[in-house]
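2 protein chains.
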Amino acid sequence: MEKLSVREARLADAIGRQALLQGWIRTRRDSKGGFSFLELNDGSCLANIQVVADGDLPNYESEIKHLSAGCSVSVRGEIKASGGKGQATELHAADVTVHGWADPEEFPLQKKRHSMEKLREWAHLRPRTNTFGAVMRVRNRICRSIHDFFQEDGFLYIHTPIITASDCEGAGEMFRVTTLDPENVPRDAKGAVDFSQDFFDRPSYLTVSGQLEGEIYATALGKIYTFGPTFRAENSNTSRHLAEFWMVEPEAAFFELTDNMNLAERFLKRIVNDVLANCEEDMQFFHERIDKTVMESLQTIAERNFERLSYTEAIDILEKSGEKFEFPIAWGTDLQAEHERFLTEKHLKAPVILYDYPAAIKPFYMKVNEGEVENRRTVRAMDVLVPRVGEIIGGSQREDQLDVLTARMEEQGLNTADYWWYLDLRKFGTVPHSGFGLGLERMVQAVTGMANIRDVIPFPRTPGNAEF
Amino acid sequence: MEKLSVREARLADAIGRQALLQGWIRTRRDSKGGFSFLELNDGSCLANIQVVADGDLPNYESEIKHLSAGCSVSVRGEIKASGGKGQATELHAADVTVHGWADPEEFPLQKKRHSMEKLREWAHLRPRTNTFGAVMRVRNRICRSIHDFFQEDGFLYIHTPIITASDCEGAGEMFRVTTLDPENVPRDAKGAVDFSQDFFDRPSYLTVSGQLEGEIYATALGKIYTFGPTFRAENSNTSRHLAEFWMVEPEAAFFELTDNMNLAERFLKRIVNDVLANCEEDMQFFHERIDKTVMESLQTIAERNFERLSYTEAIDILEKSGEKFEFPIAWGTDLQAEHERFLTEKHLKAPVILYDYPAAIKPFYMKVNEGEVENRRTVRAMDVLVPRVGEIIGGSQREDQLDVLTARMEEQGLNTADYWWYLDLRKFGTVPHSGFGLGLERMVQAVTGMANIRDVIPFPRTPGNAEF
Chain A
0 MEKLSVREAR LADAIGRQAL LQGWIRTRRD SKGGFSFLEL NDGSCLANIQ VVADGDLPNY
60 ESEIKHLSAG CSVSVRGEIK ASGGKGQATE LHAADVTVHG WADPEEFPLQ KKRHSMEKLR
120 EWAHLRPRTN TFGAVMRVRN RICRSIHDFF QEDGFLYIHT PIITASDCEG AGEMFRVTTL
180 DPENVPRDAK GAVDFSQDFF DRPSYLTVSG QLEGEIYATA LGKIYTFGPT FRAENSNTSR
240 HLAEFWMVEP EAAFFELTDN MNLAERFLKR IVNDVLANCE EDMQFFHERI DKTVMESLQT
300 IAERNFERLS YTEAIDILEK SGEKFEFPIA WGTDLQAEHE RFLTEKHLKA PVILYDYPAA
360 IKPFYMKVNE GEVENRRTVR AMDVLVPRVG EIIGGSQRED QLDVLTARME EQGLNTADYW
420 WYLDLRKFGT VPHSGFGLGL ERMVQAVTGM ANIRDVIPFP RTPGNAEF
Chain Y
0 MEKLSVREAR LADAIGRQAL LQGWIRTRRD SKGGFSFLEL NDGSCLANIQ VVADGDLPNY
60 ESEIKHLSAG CSVSVRGEIK ASGGKGQATE LHAADVTVHG WADPEEFPLQ KKRHSMEKLR
120 EWAHLRPRTN TFGAVMRVRN RICRSIHDFF QEDGFLYIHT PIITASDCEG AGEMFRVTTL
180 DPENVPRDAK GAVDFSQDFF DRPSYLTVSG QLEGEIYATA LGKIYTFGPT FRAENSNTSR
240 HLAEFWMVEP EAAFFELTDN MNLAERFLKR IVNDVLANCE EDMQFFHERI DKTVMESLQT
300 IAERNFERLS YTEAIDILEK SGEKFEFPIA WGTDLQAEHE RFLTEKHLKA PVILYDYPAA
360 IKPFYMKVNE GEVENRRTVR AMDVLVPRVG EIIGGSQRED QLDVLTARME EQGLNTADYW
420 WYLDLRKFGT VPHSGFGLGL ERMVQAVTGM ANIRDVIPFP RTPGNAEF
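Protein sequence lines correspond, in order, to chains A and Y.
Going by numbering that gives the first Met the number 0, the residue at position 159 of the first sequence is 158; the numbering climbs one at a time, nothing skipped.
Going by numbering that gives the first Met the number 0, the residue at position 129 of the second sequence is 128; the numbering climbs one at a time, nothing skipped.
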């Protein structure tokens with residue numbers, strides 16, 4: 000007998016087929032007519048299929064009438080047209096085999112609603128709920144689009160290292176990776192920790208970004224992207240921070256800032272269009288249950304041209320806006336969320352790419368604008384802002400001139416010797432190149448409207464939380 | 000002017016087009032006729048395109064005649080048919096712009112061959128060589144096929160955690176992840192390390208496998224796969240071990256061992272077929288320069304049915320083989336590489352899937368065979384062996400019975416309380432399920448014939464090595 004997923008069996012063209020369906024019971028309802036309705040879900044889609052289990056089935060009294068939320072079953076039968084609301088089909092069971100019970104006294108996911116906080120404690124069971132199933136299907140679709148987009152465009156997927164001895168951009172607090180015994184840390188002759196006895200013979204850390212190593216591959220193979228986990232050991236307990244999250248970082252040689260902007264715009268549009276085209280049912284769920292504005296903001300990304308505005312123009316607009324901001328605005332200061340939201344939501348009502356930021360507030364690797372090498376006033380940075388979400392992508396053209404890069408590093412107090420290989424890229428066949436980063440979880444939040452970033456990743460890591 | 004990659008410009012249908020090409024010089028050869036040939040590479044393919052730079056170009060004497068290996072250039076001109084060997088086209092330069100020089104006295108990648116060991120020290124430059132360009136294009140193709148295969152088959156891509164407080168399967172030595180100051184490790188009242196002051200409030204580690212967490216998602220959403228970095232803190236300096244490597248782990252609910260075998264066979268065939276169809280030029284390079292047997296062994300995987308042999312049958316064959324093995328063979332012992340190679344290369348001359356291994360040599364989570372619950376003789380494990388490479392995939396059906404699983408854990412001295420969530424999966428709606436793991440780097444080695452695993456990953460991490 001043919002095995003079908005619930006998604007396949009719900010389609011009208013499945014009517015008349017004999018099929019095997021397997022999954023978990025969501026609810027059971029007994030009819031006075033001596034039969035039962037079982038709502039069966041297998042994760043292939045949000046919706047359940049209704050199973051009609053007749054009282055004649057040999058295990059009807061002994062098993063079927065005891066099925067409850069969470070029990071696992073195999074059902075063989077015929078798919079028939081359904082008169083029920085919201086369903087084209089239903090499965091008339093010829094055989095119901097129970098694989099596993101879920102004692103209603105013990106199984107936590109009963110019909111009542113649970114808080115997101117409670118569900119985080121049950122991270123091993125929450126994917127069995129409607130919300131987390133939908134989040135994970137959309138998250139999967141976003142990941143698929145990320146790979147498809149770059150692969151079709153000729154970018155090579157490169158794995159930059161997770162463990163690294165370089166502190167790179169000084170982007171944030173790092174986790175140390177070690178095999179030293181904390182009970183008995185070895186010391187050298189001077190009494191300092193003897194890292195020569197550690198696994199990598201020196202202090203080593205979890206990466207905060209694959210960008211610098213990504214540049215190595217872009218300046219050899221042309222167009223690359225990384226997509227892997229990155230880490231921040233910051234003690235932030237907010238709805239937008241994780242200690243472990245996934246990041247996509249494309250990097251391309253012979254790419255100017257404008258190429259970078261065009262790539263970022265095409266990239267976001269592709270993801271959003273793919274989700275809208277392929278996750279209709281799940282998106283409808285987010286629209287109805289999570290955030291009423293989510294569809295509208297996705298359509299804005301899909302349909303509107305991204306406005307492009309220099310930082311200096313943006314400051315000018317903000318200064319003349321007449322808005323009352325909590326944080327005062329002046330050329331040279333970083334934009335706060337309130338300023339970004341004003342620009343993208345109120346002023347432009349469209350996604351916007353801000354560029355050419357003050358050098359002083361941006362990292363050393365961003366390219367100093369032409370004609371500004373002496374005073375290093377602005378750099379070729381770019382941030383992509385979208386309505387409702389704010390900044391979603393950050394990137395830049397990279398500094399490709401050895402002398403300017405060295406000056407910028409010294410200015411920021413970095414030890415150039417630590418970056419010998421990064422400087423070599425400018426010493427040997429340097430080229431204009433650019434790239435950006437997109438945090439996967441921020442993107443999943445943007446698409447689904449989920450309020451807390453801990454609810455868009457399977458196992459969130461935050462201060463004090465590394466269970467599972 | 001249209002920008003073309005070298006790969007595009009080398010195709011005969013590009014003849015007659017005006018184009019911009021950008022990349023790095025591999026060699027320059029000056030003709031007595033007063034012009035120069037430049038070999039230009041941009042990483043889009045193994046081959047270079049020949050640029051013909053005429054002596055009339057304004058910067059011919061000042062720049063073009065000084066170009067050397069590693070210099071970066073933009074060349075505008077017309078693509079013409081070439082009379083040269085091995086090339087359909089060449090680029091007649093109307094303009095050559097130099098972006099970056101590479102002093103031949105300093106640039107390490109000169110024409111002479113460098114050892115693989117030396118190139119590892121130059122991990123930031125080795126992607127500019129033919130070998131590493133080819134490895135990375137093939138590695139990228141394998142990754143793309145991995146995602147395509149599972150996505151097209153309805154598997155969801157799930158990110159299992161990198162940092163974890165569970166030691167999981169005890170698969171190997173783990174790296175500890177910490178923010179404690181090693182100079183001054185905090186102590187509790189009893190003088191032990193006070194992990195409550197560490198970032199996650201307890202000792203935390205880098206994952207050795209996403210399987211157990213993958214099972215959480217498979218038993219909720221049906222079919223999933225993980226693809227992420229995994230870690231082993233083992234002091235192994237071999238050509239087959241890395242401290243950080245990438246692993247693919249599919250896991251599926253309502254999957255018996257036979258389904259798992261079929262999936263593994265289809266999966267390997269898909270990867271190999273995609274590489275053969277899309278990486279012809281790079282594979283030709285590996286065949287000619289790296290390993291003469293590589294094409295043949297790929298064709299074996301692509302074309303032959305995978306034989307299936309129980310462990311017990313395999314032992315019987317080995318015992319009766321008359322071969323002299325270094326390690327003696329007897330039922331209950333683990334197979335060594337020499338045994339595996341005999342089976343797949345000599346005896347069957349085909350890929351083979353061994354299954355039903357002795358329980359005593361396999362982890363607790365593998366399903367005990369039916370009828371053997373009392374003595375727990377064999378488990379539903381499977382290993383896929385391929386000629387020339389040996390074991391490439393390991394997997395199993397998972398133990399889905401709570402009591403048997405608990406007994407196996409106790410037998411292996413594990414604390415069941417640590418696995419409360421893993422046991423819950425058997426307590427609430429347990430289902431038959433199976434999965435396997437494929438190490439990406441082992442697969443890249445199998446496909447390319449590269450002898451050392453350190454040369455198929457961008458930045459290898461091994462004892463003492465975490466530079467870059």
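Calculated from the structure, these hints are not laboratory results.
Warning: the hint list may mix true and false statements.
Each pair may be met inside one copy or between any two copies, as identical chains are not told apart.
As the list claims (entries may be wrong) - Below are the SDA-like pairs computed for lysine to any residue, each with C-alpha atoms no more than 20 Å apart in a straight line:
(1) LYS117 to TRP420
(2) LYS361 to GLN335
(3) LYS110 to ARG186
(4) LYS361 to GLU322
(5) LYS348 to ILE289
(6) LYS2 to ASN261
(7) LYS426 to SER114
(8) LYS2 to ARG303
(9) LYS426 to TRP100
(10) LYS345 to ASN304
(11) LYS2 to ALA188
(12) LYS361 to HIS65
(13) LYS117 to VAL51
(14) LYS426 to HIS98
(15) LYS319 to ASN261
(16) LYS361 to PRO103
(17) LYS291 to ASP94
(18) LYS189 to GLU77
Verification of the hints:
1. In this homomeric assembly, LYS117 and TRP420 come within 20 Å of each other (Cα to Cα) only across copies, at 15 Å, whereas the closest approach inside a single copy is 47 Å.
2. In the homo-oligomer, the alpha carbons of LYS361 and GLN335 lie at most 20 Å apart inside one protomer (15 Å), although the nearest pairing across protomers, at 55 Å, exceeds that limit.
3. Taking the closest pair of Cα atoms, LYS110 and ARG186 never come within 20 Å of each other, the shortest separation being 57 Å inside a single copy and 46 Å across copies.
4. With identical chains, the CA atoms of LYS361 and GLU322 are never at most 20 Å apart, being 26 Å at best within one copy and 67 Å at best between copies.
5. When the C-alpha separation of LYS348 and ILE289 is checked against a cutoff of 20 Å, the pair qualifies neither within a copy, at 22 Å, nor between copies, at 57 Å.
6. Taking identical chains as interchangeable, the C-alpha atoms of LYS2 and ASN261 lie at most 20 Å apart only when they sit on different chains, with a minimum of 15 Å there against 44 Å within one chain.
7. For the homomeric pair LYS426 and SER114, neither the shortest alpha-carbon distance inside one copy (56 Å) nor that between copies (23 Å) is at most 20 Å.
8. Taking identical chains as interchangeable, the C-alpha atoms of LYS2 and ARG303 are never at most 20 Å apart, the minima being 43 Å within one chain and 27 Å between chains.
9. Taking CA atoms no more than 20 Å apart as the test, LYS426 paired with TRP100 passes between copies only; the shortest distance there is 7 Å, against 66 Å inside one copy.
10. In this assembly of identical chains, the alpha carbons of LYS345 and ASN304 lie at most 20 Å apart only when taken from the same copy (16 Å versus 63 Å across copies).
11. Taking the closest pair of Cα atoms, LYS2 and ALA188 never come within 20 Å of each other, the shortest separation being 68 Å inside a single copy and 60 Å across copies.
12. For a Cα distance limit of 20 Å, the shortest separation of LYS361 from HIS65 qualifies neither inside one copy, at 63 Å, nor across copies, at 37 Å.
13. Neither within a single protomer nor between protomers do LYS117 and VAL51 lie at most 20 Å apart by alpha-carbon distance, with minima of 33 Å and 69 Å respectively.
14. Taking the shortest Cα distances, LYS426 and HIS98 sit within 20 Å of each other only across copies (11 Å), while inside one copy they are farther apart (64 Å).
15. Within a single copy, LYS319 and ASN261 get their C-alpha atoms no closer than 29 Å, and across copies no closer than 66 Å, so neither meets the 20 Å cut-off.
16. In this homomeric assembly, LYS361 and PRO103 never come within 20 Å of each other (Cα to Cα): the closest approach is 56 Å inside a single copy and 34 Å across copies.
17. For the homomeric pair LYS291 and ASP94, neither the shortest alpha-carbon distance inside one copy (42 Å) nor that between copies (56 Å) is at most 20 Å.
18. Proximity of LYS189 and GLU77 under a CA criterion of 20 Å is satisfied in neither setting, with 78 Å inside one chain copy and 66 Å between copies.
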